[in-house]
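There are 2 protein chains.
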Amino acid sequence: MERLTGFRDFYPEPVPANEPWSCDLRQHIFGCWRRTARNYGFREYDGPPLEPLELYTNKSGAEIVAQLFNFVDKGDRAVSLRPEMTPTVARMVATSERAFKKPIKWFSLPQLFRYEKPQKGRLREHFQLNCDIFGEADVSADAEIVALLIDVLRSLGLTAEDFVVRLSSRQAWQRFFISRGGNPEQAYEFFQIVDKIEREKPEVSTQKLAALGIALTEVQGFINSSVPEPELQSVLDNLEARGLKAFVKVDYGVIRGLAYYTGVVFEAFDTKGELRAIAGGGRYDQLIHQVSEGKVNLPALGFGMGDVVLAELLKARQLVPSFASTIDTVVLIEDESLRLQSLGLVQQLRDADSPADYTFTPAKSDRQFKKALELGAARTVRLERLSDGTIQVRIKNLKTREEAIRPYDGSPAWFAGG
Amino acid sequence: MERLTGFRDFYPEPVPANEPWSCDLRQHIFGCWRRTARNYGFREYDGPPLEPLELYTNKSGAEIVAQLFNFVDKGDRAVSLRPEMTPTVARMVATSERAFKKPIKWFSLPQLFRYEKPQKGRLREHFQLNCDIFGEADVSADAEIVALLIDVLRSLGLTAEDFVVRLSSRQAWQRFFISRGGNPEQAYEFFQIVDKIEREKPEVSTQKLAALGIALTEVQGFINSSVPEPELQSVLDNLEARGLKAFVKVDYGVIRGLAYYTGVVFEAFDTKGELRAIAGGGRYDQLIHQVSEGKVNLPALGFGMGDVVLAELLKARQLVPSFASTIDTVVLIEDESLRLQSLGLVQQLRDADSPADYTFTPAKSDRQFKKALELGAARTVRLERLSDGTIQVRIKNLKTREEAIRPYDGSPAWFAGG
Chain A
3 MERLTGFRDF YPEPVPANEP WSCDLRQHIF GCWRRTARNY GFREYDGPPL EPLELYTNKS
63 GAEIVAQLFN FVDKGDRAVS LRPEMTPTVA RMVATSERAF KKPIKWFSLP QLFRYEKPQK
123 GRLREHFQLN CDIFGEADVS ADAEIVALLI DVLRSLGLTA EDFVVRLSSR QAWQRFFISR
183 GGNPEQAYEF FQIVDKIERE KPEVSTQKLA ALGIALTEVQ GFINSSVPEP ELQSVLDNLE
243 ARGLKAFVKV DYGVIRGLAY YTGVVFEAFD TKGELRAIAG GGRYDQLIHQ VSEGKVNLPA
303 LGFGMGDVVL AELLKARQLV PSFASTIDTV VLIEDESLRL QSLGLVQQLR DADSPADYTF
363 TPAKSDRQFK KALELGAART VRLERLSDGT IQVRIKNLKT REEAIRPYDG SPAWFAGG
Chain B
3 MERLTGFRDF YPEPVPANEP WSCDLRQHIF GCWRRTARNY GFREYDGPPL EPLELYTNKS
63 GAEIVAQLFN FVDKGDRAVS LRPEMTPTVA RMVATSERAF KKPIKWFSLP QLFRYEKPQK
123 GRLREHFQLN CDIFGEADVS ADAEIVALLI DVLRSLGLTA EDFVVRLSSR QAWQRFFISR
183 GGNPEQAYEF FQIVDKIERE KPEVSTQKLA ALGIALTEVQ GFINSSVPEP ELQSVLDNLE
243 ARGLKAFVKV DYGVIRGLAY YTGVVFEAFD TKGELRAIAG GGRYDQLIHQ VSEGKVNLPA
303 LGFGMGDVVL AELLKARQLV PSFASTIDTV VLIEDESLRL QSLGLVQQLR DADSPADYTF
363 TPAKSDRQFK KALELGAART VRLERLSDGT IQVRIKNLKT REEAIRPYDG SPAWFAGG
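First to last, the protein sequences are chains A and B.
According to the numbering used here, the residues represented by the first sequence are 3 to 420, in order.
According to the numbering used here, the residues represented by the second sequence are 3 to 420, in order.
Chain A extracted, bound-state conformation (with noise of 0.2 angstroms):
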């Protein structure tokens, strides 16, 4: 019985040897993302990984649609597993704003679906760091959700030498359309043949402009400017006075995807270019209208930032950290008649918050001895009965091999001191 195509099992360190993915260093990106995320003042929240089918179909742009992860369920409803996180939280913010000041700000960690052919940096799941901001047009907080995006990656380790930001503007793009004499409804279906150019041969790209009126040289001439338009200058100035701005440059080749951007956008990459976008975002500040059927009118940014590229990355860095080390103490119990105070003692240690391991059945004191440094615990503790029938606790310190002994008398006592 193997697993399905495109998913993954996290298996503990040290992982076996076919099985890359490890759920400790799932753990460790997690945590600094949630650190990160926390220290900025954002709060966490979940939605289902399951969702109506129609939350996306008109929402994400038809790159997203055609990858779905859906399905119709028992009762008959056309249902989809999330693929991306930004719809369900509009739905939320849409439905329950009220409830909250703004300017709301919020992070996630769902994991999220696509049914496409798995490939090298894309599986048929990830999980995805998603940070949005809700109720706040001005651009302080476009230059909030990047710094957020670059001291995710820092706190993860990542140097300015290891990754760049790339910001671009969809408000910049839109006026660079308008002023060659595009038709403001053919704006998305630019932004698409834009955002393409990169992969596409030189020809496509000039054909499908040339129906819009625009010449692939003057797309590539604003490309190549690079000079920052105003709203992405006040970004600039911004993440400077933050010591940022070394994290960051723009770059108008950048210009996304999905159909529901408006303003500012990012892409951030390694800089040696070898992998895939690490992550992305931008304003959408018309979505919640949208989702709220025209309710509620909340302008809006944010980002998302995978878990696959990321790792990656940080294999590539050096930057995963050891994982061997997960237990303080092995009580070594090598006087049978004392298991049942051993036990005891077990207890008191994991009570303080002290992770601490045993062998469950009888074994010699080397094997027991060889499981604490396999474990890589910082001490031994064991029970010694003396002649006198008194109990006493030998504490030996694995790195420095010092020995303490103390008396024991069944309480935590022995090792208040630490």
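No lab work stands behind these hints: they were computed from the structure.
Hints may be right or wrong, so weigh each one.
The list treats identical chains as one, so a pair stands whether inside a single copy or across any two.
[Stated by the list, open to error] Straight line, CA to CA, 27 angstroms or less: simulated BS3-like cross-link-like pairs of lysine-lysine: (1) K198 <-> K210; (2) K251 <-> K372; (3) K274 <-> K198; (4) K198 <-> K122; (5) K203 <-> K122; (6) K398 <-> K373; (7) K401 <-> K103; (8) K373 <-> K104.
Keep in mind the model is a prediction, meaning the values are calculated, not measured.
We have chain A already, so just place chain B on it with the hints.
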């Protein structure tokens, strides 16, 4: 656009009036689950939320299969959202057990799914703590897993007045059944009848038992005896040594519905008997052998604890902590000419893992201060420009109302003193 029936949104606190599920409470529960499992030396793993349908159809007994959230995917594969974690972890262990030292002690926090009519305490999804031990046949491992279950609930503030673990044994029931002339091949059928006795009309149970040659009064007599069979006495002695005996009692009315249990089984209930089971589990020594089609033979045992009943119990016992304060510092920007420097200050705090917030756009002093109070901040900090052009930082402790003033040179030196 509404979410699907039986699924939950998890809002940050304070949750909207009609939305009872809080992400803060969920993460509080997850935090206690993880911390306690780690204190016991358990390592975290995870698997796919979607598995091949066959993983469940033969292994889990009829009860669970009828409620599966299964479908046929776009590649014509029969698949199911996972209804429980045990088949997944059994698959993972069966595949890769050689990479891990025994006993294997693992935990996971999966979201699980079932397709049935939602009712109080039972939705179409829930989260579950799963803890399992593989590779230890001795009953000392049964005691360890029950102790972990107890300590998980204790870590949330629950006491022996709030919950009890009812201990039973499939072996004891097996011995009972055989000693009354039962046919060993009908043992699981017999267990199923016993499992339903509390919910079924006596006539129905009497009739079903008669078909197996057993009298209902005999079964009731055994349930009421509550005499610990040897394996349960061993568990009780072990738990007593840990100071946890007050949390358990022998109760042969517990037998568990799933087919795969083979030894000690148990369920945790609120002592007032107001809610469904909080947790349940037991020993399943044959499952790895079955799942691996005979290739691997490892004794196994574990338990699952859902978040829905648990959250209800915590609310009823007023054990839900306050989640109001999420920010240490609010940086007040009263002099807009100092906005960029203030952003630098915000960055210093966040870089030091001290959650900090500020207002994105110019706002009146009292509005900014009110925001600090709403966020539950411990202090406000603001930059002030003196007449000689130098800048100072004013730190206000919002509890004591004490103020401190320090020089500000743009470096984080100002808060080095705390």
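Outcome of the hint check:
no., hint, verdict
1, K198 <-> K210, "within (11 angstroms within a copy, 68 angstroms between copies)"
2, K251 <-> K372, "neither (53 angstroms within a copy, 37 angstroms between copies)"
3, K274 <-> K198, "within (21 angstroms within a copy, 63 angstroms between copies)"
4, K198 <-> K122, "within (20 angstroms within a copy, 50 angstroms between copies)"
5, K203 <-> K122, "within (23 angstroms within a copy, 58 angstroms between copies)"
6, K398 <-> K373, "within (14 angstroms within a copy, 51 angstroms between copies)"
7, K401 <-> K103, "between (51 angstroms within a copy, 23 angstroms between copies)"
8, K373 <-> K104, "between (53 angstroms within a copy, 10 angstroms between copies)"
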